[in-house]
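Protein chains: 2
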Amino acid sequence: MKGYIGLDIGGTKILGVLYDKDGKEIKKEKKKTKADEGLDKVKDQIFKVIDKLIEEDVELLGIGAGSPGIIKDEGTVVFSPNIPFRDFNLKEIIEEKYDTKFVLGNDVNVAMFGEWKESGKKEAKNIIGIFVGTGVGGAIIIDGNLYTGRGGAGEIGHMVVNPEGAFCGCHGKGCLEAYSSKTGIQKEIKEQIAKGRKTDLKEYMEEDGAVIKSSSLEKAYDDEDELCVEVMERACYYLGIATGSLINIFNPDLIIFGGGIMESMGNKLLPLIEKEARRHTMPGLLDSVDFELSKLSDDAGVIGAYHLIKSKDND
Amino acid sequence: MKGYIGLDIGGTKILGVLYDKDGKEIKKEKKKTKADEGLDKVKDQIFKVIDKLIEEDVELLGIGAGSPGIIKDEGTVVFSPNIPFRDFNLKEIIEEKYDTKFVLGNDVNVAMFGEWKESGKKEAKNIIGIFVGTGVGGAIIIDGNLYTGRGGAGEIGHMVVNPEGAFCGCHGKGCLEAYSSKTGIQKEIKEQIAKGRKTDLKEYMEEDGAVIKSSSLEKAYDDEDELCVEVMERACYYLGIATGSLINIFNPDLIIFGGGIMESMGNKLLPLIEKEARRHTMPGLLDSVDFELSKLSDDAGVIGAYHLIKSKDND
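Chains A and B, in that order, are what the protein sequence lines are.
If you're matching positions, the first sequence starts at 0 in numbering that gives the first Met the number 0 and goes up one per residue.
If you're matching positions, the second sequence starts at 0 in numbering that gives the first Met the number 0 and goes up one per residue.
The shape of chain A in the complex, shown without the other chains (with noise of 0.2 angstroms):
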């Protein structure tokens, strides 16, 4: 049998998935990424993931990679926030320990190109992932090829959506994040119960920890909860307004919205989006843009990973 890896290298697990030639996934394989052992404890992680999944009598036609960071010339880790990759080559020494074709990059663009290729939108081209986690990040699609730039592209969370506004992570002022990511999101939140204002978020957020649940907001919201309505349609007014100026820049045949909270509640969000970017858009060029919820989940980094690496196998 010939097939391909798709691995997904996240900060606390690393998945990896054996695939057949054509998409079928064979078998999968789970470990700890232990990114707090350092550098060569996390590269043993990744061999033992793969050394288990070529267990299987499969002749590898390549592997497929995505890790949080900046990655350059597809093979490069040259930072990650969550694992100790400074100016890692990942793609030498998987290539030369594997003799394989391999291909690393940026795991919220691996996981958009997943759920662009599985979309069944295969005629768009030109496609926009915006991506609302704990930040809000991106992945731009042109031509059918991810668009990295020198390798940072597609940080659309730090476009400005309101100049001298809240004060971001990044150190700018106004960033999409900043008030439509989860960060942003529970930080309006705590405020505003710091300031005495009752809502059912306060119980949620001492049962979730450090960071809200999105099932949480969707809870709160679904109720009602006044706090929980007025920060989600403020975090969707400026996902709208992003939206509204990346059509008008891209001229994009799909935007597809991921993220944890996107996934648990995008059909009640995506509406108010597209709403508001409406009003942002030059006249025409919304008619020719499809938008869609992302839908593979946990799962789009390996898929996607699986996918990049099959696109470049074809050259």
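Just so you know, the hints here were simulated from the structure itself, not pulled from any lab data.
For every residue, glycine included, the Cβ atom is placed at its ideal position computed from N, Cα and C.
One or more hints might be untrue.
Some chain A residues close to chain B (C-beta under 10 angstroms, calculated; not the full set) [said to hold, decoys possible]:
#, residue
1, A34
2, R149
3, A152
4, Y237
5, L245
6, I248
7, G259
With the hints as your guide, set chain B onto chain A.
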């Protein structure tokens, strides 16, 4: 001699230049567009320019052209604001009549393509052009090729830089163009004059007629006219914000600023734009981008058209 023709089809005049293979200007021809006399007349005027140029002893390798408006498939003008082109397939007509290859792009895109090619920055592959004129236009070059989406991409003048800000001609609110175009600048000046503010610009505007000249703005700015400095600083503030967002989105190699205002006073404005962009750019992304002012002035269109057809000829 083998040669190319570059055409710049404007709302008031059509400029054509015959170039030899290496881009040396051989002959130049200019005719009025006569847009108010209808489509057939405009076509005739285009033919007259080409006919005059091919009176030279030349083996024509192709014709490139730029036109205002939304361009599809590098040959059809879907819509043009000031020429009566509506879903007009200019490519078919020219290729049949002159038995040569023809390629058409949006005028700002084509001019910026020329600016890049003549900038001496050949190693730059991903380039954003920001055109500050009557409106604010843009051009996106990805991996050395013009990116146009479905024909309408690059409308960076309609990025939202202030969500509930000034109304814009596009029907949106808070677009970059509403603040940083000559139209936006003039509108603000007029409103301030109507409120009784003293300014040298009042005189200049009476002299200039309908649209204030860039040279008048420059004179008042150099004389430290308070209103002029204020309005130009506001224009640069918003240009800087949009530039920061664009760097975060594209991680580009080069940003070129062109258009009437940048040509006349760009050396004074660019530092203000850069300073503001710096506030909003992700750490690391600013180091790898160069800022340039356009250099070709009125010839950018024809030179860009030459480079565009030449780049296609090598396909």
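Going down the list of hints, with the structure as the test:
Interface hint status for A34 of chain A: violated, as the beta-carbon distance to the closest one in chain B is roughly 21 angstroms, over 10 angstroms. A distance limit of 10 angstroms between C-beta atoms decides the matter here; for R149 of chain A the minimum to chain B is near 5 angstroms, and the interface restraint holds. At about 4 angstroms, the closest approach between the beta carbon of A152 of chain A and any beta carbon in chain B falls short of 10 angstroms, and the interface hint on this residue holds. With its C-beta approaching chain B no nearer than about 8 angstroms, Y237 of chain A sits inside the 10 angstroms limit, and its interface hint holds.
For L245 of chain A, the interface hint holds, since its Cβ comes within 10 angstroms of a Cβ in chain B; the closest pair sits about 8 angstroms apart. About 6 angstroms separates the beta-carbon of I248 of chain A from the nearest beta-carbon of chain B, less than 10 angstroms, and the hint is met. Interface restraint check for G259 of chain A: the shortest CB-CB distance to chain B comes to about 22 angstroms, outside 10 angstroms, so the restraint is violated.
Violated hints, listed in ascending order, are 1 and 7; each of the other numbered hints is respected by the structure.
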